[in-house]
Amino acid sequence: MRTLRDPDCLLAEGLAALRLQFQVPPTFPPAVQAAAAVAALRAPTEHADWTGRAFVTLDPAESTDLDQAFAIEAAGNDWLLHYAIADVGWFVGHGDPLDVEAWVRGVTTYLPDGKAGLYPPVLAEGAASLLPDGPRPAVVFTVRVRPDGEVALDAVTRALIRSRAKLAYETVQPTDLPAGFAEIAARIELAEARRGAARVDPPEQQVERNGDGSFHLHFRPLLPAETANAALSLACNLAVASLLLTHETGLFRVMAGPDSRAEARLRQTARAFGLTWPEAAPLSQFEKLLDPADPRHAAFMLAVRRAGQGASYAPYSPSNPPWHAAIAAPYAHATAPLRRLADRHVIEAALALANGRPLPAAVSAAFLRLPAAMQRAEARAGQVERAVVDLAETAILAGRVGELFDAVVTDLGEQGARIQLCALPVVARTVAREVVPGDRVRVKLEAADPATRRLAFQRVA
Numbered sequence: 000m001r002t003l004r005d006p007d008c009l010l011a012e013g014l015a016a017l018r019l020q021f022q023v024p025p026t027f028p029p030a031v032q033a034a035a036a037v038a039a040l041r042a043p044t045e046h047a048d049w050t051g052r053a054f055v056t057l058d059p060a061e062s063t064d065l066d067q068a069f070a071i072e073a074a075g076n077d078w079l080l081h082y083a084i085a086d087v088g089w090f091v092g093h094g095d096p097l098d099v100e101a102w103v104r105g106v107t108t109y110l111p112d113g114k115a116g117l118y119p120p121v122l123a124e125g126a127a128s129l130l131p132d133g134p135r136p137a138v139v140f141t142v143r144v145r146p147d148g149e150v151a152l153d154a155v156t157r158a159l160i161r162s163r164a165k166l167a168y169e170t171v172q173p174t175d176l177p178a179g180f181a182e183i184a185a186r187i188e189l190a191e192a193r194r195g196a197a198r199v200d201p202p203e204q205q206v207e208r209n210g211d212g213s214f215h216l217h218f219r220p221l222l223p224a225e226t227a228n229a230a231l232s233l234a235c236n237l238a239v240a241s242l243l244l245t246h247e248t249g250l251f252r253v254m255a256g257p258d259s260r261a262e263a264r265l266r267q268t269a270r271a272f273g274l275t276w277p278e279a280a281p282l283s284q285f286e287k288l289l290d291p292a293d294p295r296h297a298a299f300m301l302a303v304r305r306a307g308q309g310a311s312y313a314p315y316s317p318s319n320p321p322w323h324a325a326i327a328a329p330y331a332h333a334t335a336p337l338r339r340l341a342d343r344h345v346i347e348a349a350l351a352l353a354n355g356r357p358l359p360a361a362v363s364a365a366f367l368r369l370p371a372a373m374q375r376a377e378a379r380a381g382q383v384e385r386a387v388v389d390l391a392e393t394a395i396l397a398g399r400v401g402e403l404f405d406a407v408v409t410d411l412g413e414q415g416a417r418i419q420l421c422a423l424p425v426v427a428r429t430v431a432r433e434v435v436p437g438d439r440v441r442v443k444l445e446a447a448d449p450a451t452r453r454l455a456f457q458r459v460a
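Note that my numbering has the sequence shown beginning at 0, numbered continuously upward.
Just so you know, these hints were derived from the structure itself, not from any lab. It is possible that some hints are incorrect.
Across the chosen pairs, the derived CB separations fall in these ranges [claimed, not checked]:
hint: 1; residue 1: Q374; residue 2: E12; range: 27 to 33 Å
hint: 2; residue 1: P43; residue 2: A446; range: 34 to 40 Å
hint: 3; residue 1: V103; residue 2: Q414; range: 30 to 36 Å
hint: 4; residue 1: V103; residue 2: T451; range: 40 to 46 Å
hint: 5; residue 1: P131; residue 2: P359; range: 27 to 33 Å
hint: 6; residue 1: A280; residue 2: W102; range: 28 to 34 Å
hint: 7; residue 1: E12; residue 2: W322; range: 42 to 48 Å
hint: 8; residue 1: E169; residue 2: K114; range: 15 to 21 Å
hint: 9; residue 1: R356; residue 2: A455; range: 55 to 61 Å
hint: 10; residue 1: V400; residue 2: S311; range: 15 to 21 Å
Idealized CB from N, CA, C, for every residue including glycine.
Generate the whole structure from the sequences, applying the supplied hints.
As structure tokens, this is what we get:
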């Protein structure tokens, strides 16, 4: 981790420039804000009273757009996970100004100096967010988690809930969490191992703003509480996908895994990093042994992610059954409607189908439009994220042109060798011949220009 004090406002100016470049909206149109203010006043009238249940949320400490809350109860040898999701559909109607704007944005775009939300803050960080300052409308998915980790959707209920606590990944203690939290996570992981899933998240290269206004760039592995919480979300999304498949409809998150040629290259990469990958072990099994805190392992995990074909969305098709290779099962997104456009429609479908009602025509039509809309939105958000990291890297190194750095080759491509500096959380490319992933090289910094977000390294040894 290295702090960017930014005395010359290189990062602040650069962030403003990339907002313009990628057309990140600075605010919402007046008509959308007015619609949000009216919608925020809409009182829940179709919701069961679940305010007596002990729901909690678990998110990054600074989060205010809280999509999920959960309560847990025992049911014999099973656990019942009551997974409450913000009822965005209660506030947003098909074709209204909020909906039209959400289709343009697709997702919430995050930057270190703020975010461009999918919905206005009066909803996303107020009336629709599951904050612990009063009752909130939610759609509660009651998921039965069996001892073997298999899940089933017992009910989908519109309910009024009250969060008891806003827990944070960084500070949460086991005693803060409801009984069954750790056991459910362990069961879900057991089922993943049995399916041969490869849901392993490499550390992320992130730029964060400090309390004093400075920034820092670092690699951030997932915290243990974050990983366990992700298992609860996974359980809900798997159960929702099963419901949609039963009714032969829906929108699914799909992904193909690395093919045989890509896996063969990954085995070479593992050998270059000095990792022991048993010949008989499939990639999914080997990935479970990786430690993201180990730089060699982290670099290999990034190589695996690049070797796959990327995730996308697809509507139900009987001729092309949905499949997510990393999950090793059909999978849907339903747990982040404040931040992803697709989730609101999946929730609306599940709410109808689980309660014996037909799929709304507007939702059925949306399932056909959403793959393209989400692809555009995710591509734009990915470009912004990469540009922010590029900007931070150049700001870190702006005064060090001419210096030598030790680095490790992590990947090879048409644009040269991808390298990771050993002493800084910086990833770049350089021309390097006759190298393989895992080789250590010495490079000279030739250019670091925050204005263009350009880094240039020259190999010297």
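So, going through the hints one by one against the coordinates:
1. Q374 to E12: 27 to 33 Å: holds (31 Å)
2. P43 to A446: 34 to 40 Å: Because 57 Å falls outside the window, the suggested range is violated.
3. V103 to Q414: 30 to 36 Å: holds (32 Å)
4. V103 to T451: 40 to 46 Å: 28 Å Cβ-Cβ, so the 40 to 46 Å window is violated.
5. P131 to P359: 27 to 33 Å: Holds: the Cβ-Cβ distance is about 32 Å, inside 27 to 33 Å.
6. A280 to W102: 28 to 34 Å: Roughly 44 Å apart at Cβ, these two residues miss the hinted range, so it is violated.
7. E12 to W322: 42 to 48 Å: holds (45 Å)
8. E169 to K114: 15 to 21 Å: holds (19 Å)
9. R356 to A455: 55 to 61 Å: holds (59 Å)
10. V400 to S311: 15 to 21 Å: violated (40 Å)
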